[in-house]
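J.: Protein chains in written order, with our numbering: chain A, 24 to 153; chain B, 24 to 153; chain C, 24 to 153; chain D, 24 to 153.
Fair warning: there could be bad hints in the mix.
One copy or two, it doesn't matter: identical chains are merged, so the pair holds either way.
To be verified - In the DSS-like style, the derived pairs of lysine-lysine whose C-alpha atoms are separated by at most 27 Å in a straight line are: (1) K62 <-> K123; (2) K62 <-> K108; (3) K108 <-> K123; (4) K62 <-> K98; (5) K123 <-> K98; (6) K108 <-> K84.
Hints in this document: simulated from the structure, not taken from any laboratory. No experiment lies behind these values; they were computed from the predicted model shown.
4 protein chains.
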Amino acid sequence: MQVRIQLRWSDFDALRHLNNVSYVEFMQDARFALLESLKLGAEHLVEVGHVVAHNEIDYLKPVGMNTRELIVDVKVVEVGGASYKLAYTFLDDSGIQYAKALTVMVQVETETGAVLRISDDLRALLLEAR
Amino acid sequence: MQVRIQLRWSDFDALRHLNNVSYVEFMQDARFALLESLKLGAEHLVEVGHVVAHNEIDYLKPVGMNTRELIVDVKVVEVGGASYKLAYTFLDDSGIQYAKALTVMVQVETETGAVLRISDDLRALLLEAR
Amino acid sequence: MQVRIQLRWSDFDALRHLNNVSYVEFMQDARFALLESLKLGAEHLVEVGHVVAHNEIDYLKPVGMNTRELIVDVKVVEVGGASYKLAYTFLDDSGIQYAKALTVMVQVETETGAVLRISDDLRALLLEAR
Amino acid sequence: MQVRIQLRWSDFDALRHLNNVSYVEFMQDARFALLESLKLGAEHLVEVGHVVAHNEIDYLKPVGMNTRELIVDVKVVEVGGASYKLAYTFLDDSGIQYAKALTVMVQVETETGAVLRISDDLRALLLEAR
């Protein structure tokens, strides 16, 4: 799924390029858009507790201050017993790639924080986003 | 080096724990504190261009809303020909660990973006923070 | 001018509505969009120094977590000798208003921070955005 | 009450001074520190719903990139029937003032959003922070 992210003035830092932290924020918003497209929206997630266990990102090319929008291509690449993995590519409309990233998500019981197994229903749903 | 990070209300998200993106911001501030302790401060860095090539983080334990401060232990773990690697551990005063992370930094020429080799002087300096 | 602002997960706080600080960030982005439409874009502004002297905002109605986008209507309402004033209305596609805000901007010399008079050219330009 | 705010790299924008939005975030954190000192902490506030009805701020003097900390002096200046007003002064250790600000807070019923009257107990508590 391709998610368009509108950049903000605050995403650019004193070095006058897109700050490395903002990319991680965009991963989050692309991920929410993906989960919403599977009917696992923000209000639902507040209850169920899909949390990030691991993030990693390779920055390939700086993004200049006149950039107004980036595309984050996000997809599910793996669904395990108790976690699933998402892969992201940051690009622009001309196809130039700026970063590549991965997230491992786990599902936890909101009250106790205990990691939950991924149900067959959730697995089937997530695999739709592969 | 241990850097104390003051948490803000905005670091906590609608799930009412410390948001995964804020940790990556804290890596940045711990890194700047480390580089400043080596006399490579913010104003200097604006000129020289130490940029993040890679970030990765394992979230070990959620941080609750009543937490006011975290400690980020940060050190240089490797200095290569054109990059250096930093390792971070997030903990509190009782020694409980919340996350572990790594950054690969490269030095680039600000004008052209070309990756620069790490000079012997910079290598010696960075190795002091091991 | 109407500027569409894409909301992010991080704009919503632990109270599960749009945090009051994010609105002020949106004022900033709407203002930049307005100035860009007048050919006073981000790179230009880095040189010239239009800075915020005063911000004020009335929050009229909370914005819920399922909201994906807000419209910020922004216009120049006054151009003085050394400052200009912008007014903002936050609304959604159905016309419901969420907030109203004002900013007073001054133009400063980047090096010295001295406040500059608004030139006739800039005044004419800004008055186009009334 | 004086609250010390630790500045972050991300608080400084491409103009290389403290961004106007960050001040509004610091108002929020100073306010929480004040309310916590009155035993109205974050977890409590999630339940009760003290929300911002109005913010205003005058920026007096830019804050440069080498600044690591600001002091926000915050106090209750007025308690009305259904709202209370806080005043803030931003300063550094040498007493130089960078900004002055005001917030009007209202107490709302979390479920319905209806504005609540300020109880005598809350009024007495808030007046302690005058």
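J.: Decide, hint by hint, whether the structure agrees.
T.: The hints, checked one at a time:
In this assembly of identical chains, the alpha carbons of K62 and K123 lie at most 27 Å apart only when taken from the same copy (25 Å versus 32 Å across copies). Taking the shortest alpha-carbon separations for K62 and K108, only the intra-copy value of 18 Å comes in at or below 27 Å, while the best inter-copy value is 40 Å. Taking CA atoms no more than 27 Å apart as the test, K108 paired with K123 passes in both settings, with 14 Å inside one copy and 19 Å between copies. Proximity of K62 to K98 under the C-alpha cut-off of 27 Å is restricted to the intra-copy arrangement: shortest distance 15 Å within a copy versus 38 Å between copies.
Proximity of K123 to K98 under the C-alpha cut-off of 27 Å is found in both arrangements, the shortest distances being 12 Å within a copy and 25 Å between copies. Proximity of K108 and K84 under a CA criterion of 27 Å is satisfied in both settings, with 24 Å inside one chain copy and 19 Å between copies.
In the structure shown, no violation is registered for any of the earlier numbered hints.
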